[in-house]
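S.K.: Take the sequences, apply the hints, and build the full model.
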Amino acid sequence: MAEQTTAPVNTDEIKSILDKHKDQVKLSLKLCAHCTLCAESCFLFHVKDKDPRYMPSHKFINSIGKLYKKKGNVSRKTLEEISEIVWRKCVLCTRCYCPFGIDIPKMIALARQICRSQGVVQQFDKE
Amino acid sequence: MYDFIRGPFAWAALIIFVIGTIFQLVRYFSLSKKAGIVHYKTIPAQKTPESAVQLPFMARVKLTILGVSPVTVITSTVFHVLLIITPIFLVAHGVLTDVAWGFSIPAFSEGFSDFLTIVVMICGAYFLLRRIFSARVRAITTLYDYIIWVIAFAPFITGFMAYHHMFNYNVMITLHIFFGGLMLIAIPFTKLVHMFYFFINRFLMKSEHTFGKGSRTW
Ligand code: HEM
Ligand code: HEM
Ligand code: SF4
Ligand code: SF4
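In the order they appear, the protein sequences are chains A and B. In short: position in the first sequence from 1, add 837, done, that's my numbering. In short: position in the second sequence from 1, add 124, done, that's my numbering.
Among the clues, some could well be false.
[Stated by the list, open to error] With a straight-line cut-off of 30 Å between C-alpha atoms, the simulated BS3-like cross-links for lysine-lysine are: (1) A:K908 / B:K186; (2) A:K857 / B:K315; (3) B:K158 / A:K852; (4) A:K887 / B:K157; (5) B:K157 / A:K867; (6) A:K943 / A:K867; (7) B:K330 / A:K863; (8) B:K186 / A:K887.
[Unchecked claim] Partial pick of chain A residues on the chain B-facing surface, computed with a CB cut under 7 Å: (9) L868; (10) L874; (11) H895; (12) F937; (13) P942.
Bear in mind the hints are in silico, worked out from the structure with no lab data behind them. Note that this is a predicted model, so its numbers are computed, not measured. Cβ atoms here follow ideal geometry from the backbone N, Cα and C, with glycine treated the same way.
M.R.: Listed below in structure tokens is the structure:
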């Protein structure tokens with residue numbers, strides 16, 4: 838589970854991280870044809886019975902995509918949901934393949950960085 | 125209305141397409157940087173053991189996206205090739221360039237173009253059905269994807285209907301020019317920019333999936 842804190846979300850900090858990578862994030866989101874050809878390249882997609890939520894594109898659209906669309910104005914709960922995606926549904930093995938060369942792992946890593954900046958992290962050692 | 129669409133609108137569309145394209149390219153080069161020289165840390169090469177077997181050719185093809193999603197990739201390839209070729213080598217469009225600029229492009233016979241148009245429409249139907257019925261495609265589909273679908277395929281559908289004089293020719297040809305223009309306008313500003321960024325991303329940006337070396341980075 839995500840570590841529970843009640844500290845308010847620092848929107849400006851999220852925004853400044855997003856701004857630093859704005860060009861690439863914006864382009865990746867715009868470029869994605871929503872074609873799903875990347876699905877099979879992710880081993881987790883296979884392992885999880887081809888659950889669409891494990892498609893690389895689904896993962897980056899619903900993590901960094903969400904953060905970008907809301908310009909960082911997200912609640913802690915949303916960040917926790919995002920952390921579920923970027924840590925539990927992706928291991929950053931960087932094997933995903935998109936015909937347009939969208940750097941999906943980089944997008945997911947960025948969403949992790951944003952979660953981490955707000956103290957929302959997944960703890961794997963306490964279970 | 126008809127006159128507006130056939131006259132100023134069609135020209136405006138063409139001009140916006142060209143300017144939008146230049147704008148996108150300028151923006152790309154101003155936002156990206158020249159990639160520095162990367163020194164890859166190399167792992168000392170290991171001798172391939174004698175017993176290692178090279179996968180047979182067909183087994184390796186099966187691991188590419190063509191092997192994994194053959195129907196989609198083949199349909200997509202056919203669609204994209206025809207999308208470019210069909211309108212360029214069309215008798216009617218050649219007449220237009222002849223009138224406007226005084227040169228005409230060699231054209232396929234009308235019957236053959238008509239056939240290609242039908243093939244494009246079949247590819248379009250495949251993409252649409254996939255979007256509606258495939259759970260994984262639906263999972264990341266929004267209204268935007270359907271709008272783009274209309275923008276991409278309406279020029280073919282209306283061009284086909286005009287050529288066959290379905291309904292009222294005047295209305296159909298005006299609609300055709302409207303949707304043709306809309307597509308041209310949309311290419312630089314919607315997800316259809318992939319027409320340029322496909323090549324930029326795969327040939328220029330330095331990454332694991334670049335063909336060749338790649339010379340630029342974000
Ligand atoms: C904006 C400028 C455009 C103009 C002025 C224009 C004009 C025309 C005209 C006059 C026809 C002939 C109809 C007939 O035979 O009576 C035609 C057919 C056609 N157009 Fe366009 N067009 C434009 C853009 C496009 C675009 C962007 C596409 C596709 C990407 C396209 C695809 C077609 C096709 C496929 C047909 C022929 C359909 C068939 O023969 O079955 N057009 N167009
Ligand atoms: C000329 C360079 C182009 C290249 C290399 C290219 C490449 C691609 C690739 C790799 C895909 C994703 C795989 C797929 O779904 O098939 C795709 C999807 C698509 N492309 Fe292109 N494309 C180009 C131009 C265009 C243009 C000019 C249009 C339309 C005006 C267009 C319309 C589409 C559409 C509608 C899709 C999504 C299909 C779906 O709904 O899944 N493409 N393209
Ligand atoms: S393959 Fe690329 S363009 Fe297609 S859905 Fe995946 S990330 Fe998007
Ligand atoms: S980096 Fe993440 S999304 Fe990409 S293949 Fe690995 S687990 Fe799947």
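S.K.: State for each hint whether it applies.
M.R.: Comparing the hints with the structure gives:
1. A:K908 / B:K186: Given pair A:K908, B:K186 is violated - Cα atoms ~41 Å apart, limit 30 Å.
2. A:K857 / B:K315: The given pair, whose Cα atoms are some 22 Å apart, holds under the 30 Å limit.
3. B:K158 / A:K852: Holds - the C-alpha atoms of A:K852 and B:K158 are around 26 Å apart, at most 30 Å.
4. A:K887 / B:K157: 38 Å, violated
5. B:K157 / A:K867: The hint holds at about 20 Å.
6. A:K943 / A:K867: 16 Å, holds
7. B:K330 / A:K863: 18 Å, holds
8. B:K186 / A:K887: 18 Å, holds
9. L868: Given a least distance of 5 Å, the restraint on A:L868 holds.
10. L874: At 5 Å from the nearest chain B Cβ, A:L874 passes the 7 Å test, so the hint holds.
11. H895: 5 Å, holds
12. F937: A:F937 check passes; min Cβ-Cβ to chain B is 5 Å, inside 7 Å.
13. P942: Because about 9 Å separates A:P942 from the closest Cβ in chain B, which is outside the 7 Å limit, the hint is violated.
In summary, the numbered hints that this structure violates are 1, 4 and 13.
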